[in-house]
Amino acid sequence: MRLALHVFALVLVSLASSCARDAGPQLIEVLDLAPHEVEAGDRVEVLGASFPQGKHAKMTFRGTLHRPGEKPESAEIPAEGDATSATQISIDFTEGLQQLFCGVGEGAAHTTFDGELEVSFPAATAGAPAVSTTLHAATLDVRPPTPRRAVLDARRTEGERALAYMGIRPAKTSPPSGGIVVESVEPGSRADKAGIQANDLLTSLDKLRLTSLADAIPAGAQLLATFTLRRGTSPAEITREVHIESYRGSPPADLYGAALLIAIAAAVIIFFMAPTAGALTWVERRVAGRMRSRARANEAGRRRALTWRADGIKMLLEKDVVPSARDSRLFRLAPYLVFIGVSASFVVMPFGQYLIAADLDVGILYVLAVTSLVTVGLLSGGWAADNEYSLTGGIRAAGQIVSCQVPGAIAVACIVMMTGSLRLQEIIHAQGGWPWEWFLFKNPVTFATFCLLFTTALAQVNRAPFELPEAESEAAAGYATGYVGVRYLFFFFAEWANVFVMCGIAAALFMGGWQVPGLSTGAQEAHFGLQLVGALVFLAKAWMLLALVIWIRLTWPRVRVERMMALCWKRFVPMAFAAFALCAGWVVWSPGRTAQTVMGVGMFAVFCVALARFAQRVRYNLHAPQADARLNPFL
Amino acid sequence: MLTAYATVLAFMLVAATLVSGSLLVARFVRGRRPPTAPESTQDVSDAPESAPHPARFNFDPRFCLVAFVFVVFDVAVAFLVPVAVVLKRWAAESRGTGVRALIEVFAFAGVLLLGLAYARKNGDLEVEATAGGASPPTTVPSDDDPA
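Just so you know, the protein sequences line up as chains A and B, in that order. Counting along the first sequence from 1, when you hit position 63 you're at 63 in the working numbering, and nothing is skipped either side. Count along the second sequence starting at 1, add 1000, and that's the number in the working numbering.
Since the hints were derived computationally from the structure, they do not count as laboratory data. Think of the CB as a built atom: it goes at the ideal place given N, C-alpha and C, for glycine as much as any other residue. Accuracy of the hints is not assured; some may be wrong.
Said to hold, decoys possible - A short list of chain B residues far from chain A (calculated; beta carbon distances all over 10 angstroms): (1) S1020; (2) A1107; (3) A1109.
To be verified - Below 20 angstroms or equal to it, Euclidean Cα-Cα: the simulated SDA-like pairs (lysine to any residue) are: (4) K570/A <-> D1074/B; (5) K319/A <-> V1029/B; (6) K314/A <-> R294/A; (7) K1121/B <-> V1072/B.
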């Protein structure tokens, strides 16, 4: 009985499938694709027979995409074209198609498609089935948009490394027909064992057509790298498989990589972040002394420059007190959270084109996220110390982030909208070297956005006039009241470093980052010296903003906590949404290039006039009462 | 891509090592103090009456309301960011697409702002100064640096 049922079902299925096949009469025939190698802007011809001339065809590439160093990926890519004659359909190979094949952005790579192509013409009359056919064994080689030089170099190096690993030395010159010529094979190497010989022409690796060394990265999906090659003058392609078990994930290479990352991190934190934070404490105290006409940081070293180091040593020698009563684990954890939060934001700090630890794709969003970790540290530290001043400080820190992060994040979103990317490097690239090309002077709205971001960032890093979490006149040392010694040191270490982060990020978002005025980014990229100049330009901009932060701190009285929260929610949030709306309008109804330049130059001119007027006023104020020379900030 | 995030991990690791390393060095560098040295912040002050009290105080519940509003807006911002990223590309494609995206975003933001206006009208954003215990109503400027 069961068997009969099975047989019946089988018959039904085969009947149904044969009906389906009959439904689309195969009137047309597809033979091949030409050319086999394309890039955006090219025209691909599908060759065949009996195409309805002038009709629009829908096509689907169904198969596998092979890219250097990536696992093969199955894909179904739709395309459209017109039958220009009975024997060919032409497809405009658009950028969109190129992206579907090669991937988007930095990940875009040379791709070989391998699979089938289904061509179908919609029916002439409604209700009739579409006419379709399939080309099996279709291949298409797609070139990506030219990648950045750094990306290309990295791929080339990786390719060379892969070949060297297998024991293949490629020839310096590549043949005009593409592929890689083997100059020599190391005796006894993996390639030698697989039977690859000198003067072989390698044509493909793991089904990816080889056109340059950058393609010679094994897909890594298997333990074998499959080469096809031509030998001598014979046109036949031979297949050779090279064992590459430990090419990927071999412990030494990965360990070197990890060590390198740790070294980079240590270099940035120890040789840049620590001295910057230290120097900043010294600068701030010296400036405070001058602006307030009193002695400041005047004990150690020439120009008292050793003061901050003396402070550090003093803290190191202090007794380590952990309050015995309360949550001592949380108490110990807090400085870690604060310091890790600040250090981690240095990952995306763009000192120069290549002087960036990692240009994360979520860039600026990442900065917002990790700097919030600082607040978690402050709150938990304040809570765990268990005294009223500490908890007050911790709660105020939370109150600040709760109020200021929203307008700050929307201000950042405005800039993201103007550039269309979250990557800091792309945001910098969207600006120019001259001030009127910066987002700061792009239009009045972006200038207001900068002020908004700067103000909220001041609050986020607990700087005056928002230094409520550590307001000594009301809450002793705020969240840090319970801390002494090294733990205390790291709180303030982190705070000063955080001020630098804030200024550096603002300089990247609004002031063109490392771009040197009058130089194209390409020209700057070409020369190592110019890149260093770029890094100095970036630091100069960041320190300009730091000076502004110090100046604000020394001149503005502190705001009360509820005033600050009300200010953020009642003024800044609506303002931020208004700025978002106006920026969105600017993006959609973007004025012409000339109009933008005129507006930028105009904004900058207005700014310069205001600055000159301000300087004049300061001079007047200094001269009018014949003030003591000690008060003169220009000395 | 993963290397980029490995860098993040490396930075966090180095930062944590630096803190614990400094604590360790400090332990060896500093001398042993007599056991009478203070064991908690309550012991530090010379004048016991001015020493800080334990953290037992009430604060304005509206502080929490603000925190709720914050959570709503923070999530909303997280929704705005993807739109911000693609808007330029859409606007470049055709102005109609850009305008449609704009209208959708503003409908979204409009609802949020209505909520904010309601909270404001209700007085939920008027946190009392006591948010943070016995803070005297003072605006005395900072006169000393914290370090």
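Going down the list of hints, with the structure as the test:
The claim that S1020/B is not at the interface with chain A is violated, since a C-beta of that chain comes within 10 angstroms of its own (minimum 8 angstroms). For A1107/B, the condition that its CB be more than 10 angstroms from all CB atoms of chain A holds, with the nearest at approximately 12 angstroms. Against the 10 angstroms criterion, A1109/B falls within the reach of chain A, whose nearest CB is about 6 angstroms from its own CB. Among the hinted pairs, K570/A with D1074/B is consistent with the structure: their alpha-carbon atoms are about 16 angstroms apart, no more than 20 angstroms.
At most 20 angstroms may separate the alpha-carbon atoms for a hinted pair to count; K319/A and V1029/B meet this at roughly 11 angstroms. About 23 angstroms separates the Cα atoms of K314/A and R294/A, which puts this hinted pair outside 20 angstroms; it is violated. With a C-alpha separation of about 17 angstroms, the suggested pair K1121/B and V1072/B falls inside the 20 angstroms cut-off, and the hint holds.
Checked against the numbered hints given earlier, the structure breaks hints 1, 3 and 6 and satisfies all the rest.
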